[in-house]
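The hints should help you fit chains Y and G onto chain L, whose structure is shown.
The listed protein sequences correspond, in order, to chains L, Y and G.
By numbering that gives the first Met the number 0, the letter at position 165 of the first sequence is numbered 164, and the numbering carries on one by one without gaps.
By numbering that gives the first Met the number 0, the letter at position 83 of the second sequence is numbered 82, and the numbering carries on one by one without gaps.
By numbering that gives the first Met the number 0, the letter at position 212 of the third sequence is numbered 211, and the numbering carries on one by one without gaps.
No lab work stands behind these hints: they were computed from the structure.
Backbone N, C-alpha and C fix where the C-beta goes; we use that ideal spot for every residue, glycine too.
Hints may be right or wrong, so weigh each one.
[Said to hold, decoys possible] Examples of chain Y residues toward chain G, derived with CB under 7 Å:
id	residue
1	PRO18
2	GLU40
3	HIS41
4	ARG57
5	GLY130
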Amino acid sequence: MSDLRPKHIGAPIKRVEDPRLLAGQGQFTDDRAVPGALHVAFRRSDHAHAEIAAIDAARAAALPGVFAVYTAADLDLPPLVATSRMRDYRATALHPLARGKVRHVGEPVAAVLAESRYVAEDALDLVEIAYRPLPALVDPETAAAAGAPLLHEEAGSNVLAAREFARGDAAAALAAAAVRVGGRFRLRRKAPLALENRACLAEWDRGRRALTLTLSTQVPGIVHEALAELLGLPGHALRVVAPDVGGGFGGKASLYPEEIVVAALAKKLGRAVRWTGDRLEDLAATSQGFDEIVEAELGLDADGAIVALSAEAIGDVGAYSIYPWTAALEPVQVVSFLPGPYRVPAYRGRVRAVATDKAPTGPYRGVGRPAAVFVTERLIDMAARRLGLDPAELRRRNLVRDDEFPYRTPSGIVWDRCGFRETLDRALAAIGYEALRREQERARGAGRLVGIGIATYAELTGIGSRISAAPGMPINTGTETATLRLDATGAVTALFGIASHGQGLETTLAQVIADELGARLADIRIVHGDSAAVAHGTGSYASRSAVLAGGAATAAARLLKERVLRAAAHLLEAAAADLDAADGRIFVAGTDRSLSFREVARAVHSEMGRLPPEAREELEVTRTYDPVFGTTTAATHVALVEIDRGTGKATILRYVVAEDCGRVINPLIVDGQVHGAVAQGIGAALYEEVVYDEAGQLLTASLADYVIPGAGEVPEIETIHLDGESPSTLGGFRGMGEGGTIGAPAAIANALADALGRDVCELPMTPERIFRLMEG
Amino acid sequence: MIRVRTTVNGVAYEREVEPRLLLSDFLRHTLGLTGTHVGCEHGVCGACTVLVDGRSARSCLMFAVQADGLAIDTVEGLGEVEALAPLQQAFRDHHALQCGFCTPGMLMTALDLLRHRPGAGDAEIRDLLSGNLCRCTGYQHIVAALRALRK
Amino acid sequence: MKPAAFDYFRPDSVDAAVTALAASGGEAKLLAGGQSLVPLLNFRMARPRLLIDINRLAALDFVAEDGAGGLRIGALTRHRTLETAEPVRRLFPVVAAAMRHVAHLAIRNRGTLGGSLAHADPAAELPLLAVLLDAELHSNRGRHAAAGFFLGPLTTALGDDELLTEIALPALPPHTGWGFEEFALRRGDFAFAAVAALLTVADGRIAAARLAAGGVGEVPQRLGEIEASLVGAGREALAAAARRAAALVEPASDLRASAEYRRHLVGVLAERALNAAWVRAQ
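So that you can see chain L by itself, here it is in the shape it has in the complex:
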């Protein structure tokens, strides 16, 4: 009799995705060969803000090998508008090819269609565009001021969204506080920089009058819904497929002008049309993130208990409100998450989302929380210094306690039971905190600049229908659907609306199903990244796939298992209650009688009359899961950093993460996500910055200038998992893909401040900035 307890969930199972990816047999969008497809190159604006006076594409169109050149006038497409019910939100119209005006360097103005990308780029040079330059709006504070030139005349203001959260009277509480610390914090613009540039391929089937769009995307469901409407196609005549996708991190979670143009051209011409972006285009036109200015103040009593937190923030959201998330996405989360995992009796957080002549801001790993945690964790350390308290101790005094869950934060977010204190204790134990402080003293005595930085944070993951990432945005992020199908060969096909792009969902979802259904892992195939797979789905973003798809898979697998057992009971002439399943077999308890899934499935599907009609089971189940509120994930990061006194170079000597990410499905994958997210956090803390000059020209226009961490810049990261099931989700999973990026910038900032004995209020802290802090 085999052990029937779950054995795939929690196991470090090697990924199903790997053999094809390792053997170079992956299928990324540009890999798909379509003979006769036309290649698109986009002529993009080299002005930050200008009226388009005239476009003359005659010479370009006449170049041998060029099929045609298109502008907005030729395409006649409606603009893309991200809507929101938020008060104080102003929508902006994004024309897939610029119409009338350009609003950022890199905005697509014309599309050249040619027999090859090489020829298409030759033609780009020949497109003549006359611009009437307008004043560039590059500084968000200037753009927000009254009387500033308008980026979008119809919007009437450059402040595209504004939001405030409040509890109690923060101003009064601050005024009365025994201790007040504050600062102006600046987190600078980042690019998600997936290794695979955005790419799409649209193929029009003339016979069926249907379009298949192969797209390097995280959100095939979102693209499907919006594009069907934009192109006037019924949903069954459009299929959006995300094949192998080389990373996303949020940069591929929106609908972009390029795919609208490519799809529209394919439909219009009845041919295959494709565009593979290059890195220049990625840096100029893929959504960016983390561009925030936060003026914040923390008030505490004499014992170090927080009495109030107040913040005024500006988010620089670039030239357009991105679809579907809206420009409010990141800025609102900065202030809604600012109180963090702490007890904050009085709070006021106000934010404005301001348009500037830069690439639109969109989701980027962590979305608003990296900024919020940077600010709050810096304030905590500043307060600890002022009070003469150990920063770990100050956190202990203020973290929400176990007996206070569920805890409602000032912005209405509810933390369910999560190990806030425990992550702090375990991270400090793992790094040997007491001994490390003593070692730090010795190092300081020897003249070395060594710092220890802590960051504790909480995030809401797996959000359901009652939590909106951006209130009133035009999509439903609260549910995911799973369809499980057992065929006559005993194989299980599981279809989902999520779209795995590195996080190993083809493996982890199979692990969940194997345990819940009792099937063998090898008999399960996960289908994802396809708008045709289930009736509705959106995709993978916001640390939701394990929770929502895992929950839907759990529900569907349990129901399918019931049906399989009932059919098996009939075939085995036993009571269903005496049956269980594991490893692809159904057993009768206390006997050695069993049937394979294959035998049961064959009996149901193919052996006519084997089961009486009333005993037939439907061996396909669809379940949609809504976690309603979502669940809390938390972690503590501790960084040990040394700064070279001479050069200002910061080296991370040790890095520890203790996280409560709920029930771990695959520890290898969880570790990988932590490492990768921390690496991005290190990039945000020390290396990465998108830079525009005063004229709105993009200065970081290559990978030599936008610099991400390489193997030499990321230390070994020690991870500790608190394997605590979420009380709120089906399956007990919590999302954890973004945590590293949320905690690392703050932990490193605190370590730098600790090393220098100075306030660190700006990231990235490049060697130049560290040098200035040392000198100043």
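Just chains Y and G now, with coordinates in the frame of chain L:
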């Protein structure tokens, strides 16, 4: 058009190409070997790394015409889906890939590293991998895979 | 990012290369390692009408001792060779050490000595070393002393029909120690600043000194004033020399680093390089 005679993964090819056709595009689109990926086309990210006469090189910084008379090795020559090479298996065992886009270039660099610097310790491994950017893994499992192969 | 169209010629002799170069009227570019040139072509920042591929000129790929403690190195010698060749490690360890900072493995496999010198990036290691070592650059038209070869960023004294063939490194005196310090944001990035030093020490006194800074001016520069002032001095003079080096350079500010920070780096790196050279000279 210029005639190119080159060997890729031990197989001889002869094609007529435009001089400006990048080696990366030649491999991917002329020969259909799409395992080699393109990430930047300015020699920084390393996704396009192949072996040229046994040494790692960026295929986005070479033209197909330069491959005339040379032997190129790409990821497709390393192993099969059903029979991964020890290097590929080590990557799998240690979860050294996530999205897989940087992986072929990473593998070819690792091959160069293992052949020509077999004694490299962790620090040197990280140094030698510095020309291959990965946005997913944080590099730790990749280093672990190579460390395991050295034993 | 695809390059604009060009014609392609692959000569099998230096003469054929030179003839093609001369006939091109300044519209041709030599393709050696391509690690600096091809990105420019892909960005369409350079659009030569003709590319002359000199990679098969095996006669230009060599490392030979001149019998007097110096080296003759062919212009087509790959960076990887300079990093690992035994004669280079023995006679000019500063070169072997500096090569480890040059970009990344794959780039060192293709990039060439002649290519790097002709490209003349102000932050590149090889031009700095050429200037430090008083290299003599030979071409089909004659010789150039390294001192006058680099004229500005990406600009050298090479004529339109000129092709570097070999570089001669004169022998260093015995008891010469070296130091090479570079600061870059990440491993393999272009230097914000680099300092190379050679000190010949006898009886506890500096008999000869060379100090060169790169990445902090339009061209790599020898700091002759400081070199002269170090002759006859002892180790205690090094710190002050490093401070003077910082004062002497006139770096520019750019996206990566300000002039002030670069100047500061020169002081830090010069002190480290000079001290390392002193220790190695013992």
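Now for the hints, and whether the structure bears them out:
Hint status for Y:PRO18: holds, given a least beta-carbon distance of 4 Å to chain G, under 7 Å. Among the interface hints, the one on Y:GLU40 holds; its C-beta lies about 5 Å from the nearest C-beta in chain G, closer than the 7 Å criterion. Interface hint at Y:HIS41: satisfied, since its Cβ lies 4 Å from the closest Cβ of chain G, which is below the 7 Å cut-off. Checking Y:ARG57 against chain G by beta carbon gives a least distance of about 5 Å; that is within 7 Å, so the hint holds.
At its closest, the beta carbon of Y:GLY130 sits 3 Å from a beta carbon of chain G; the interface hint therefore holds under the 7 Å criterion.
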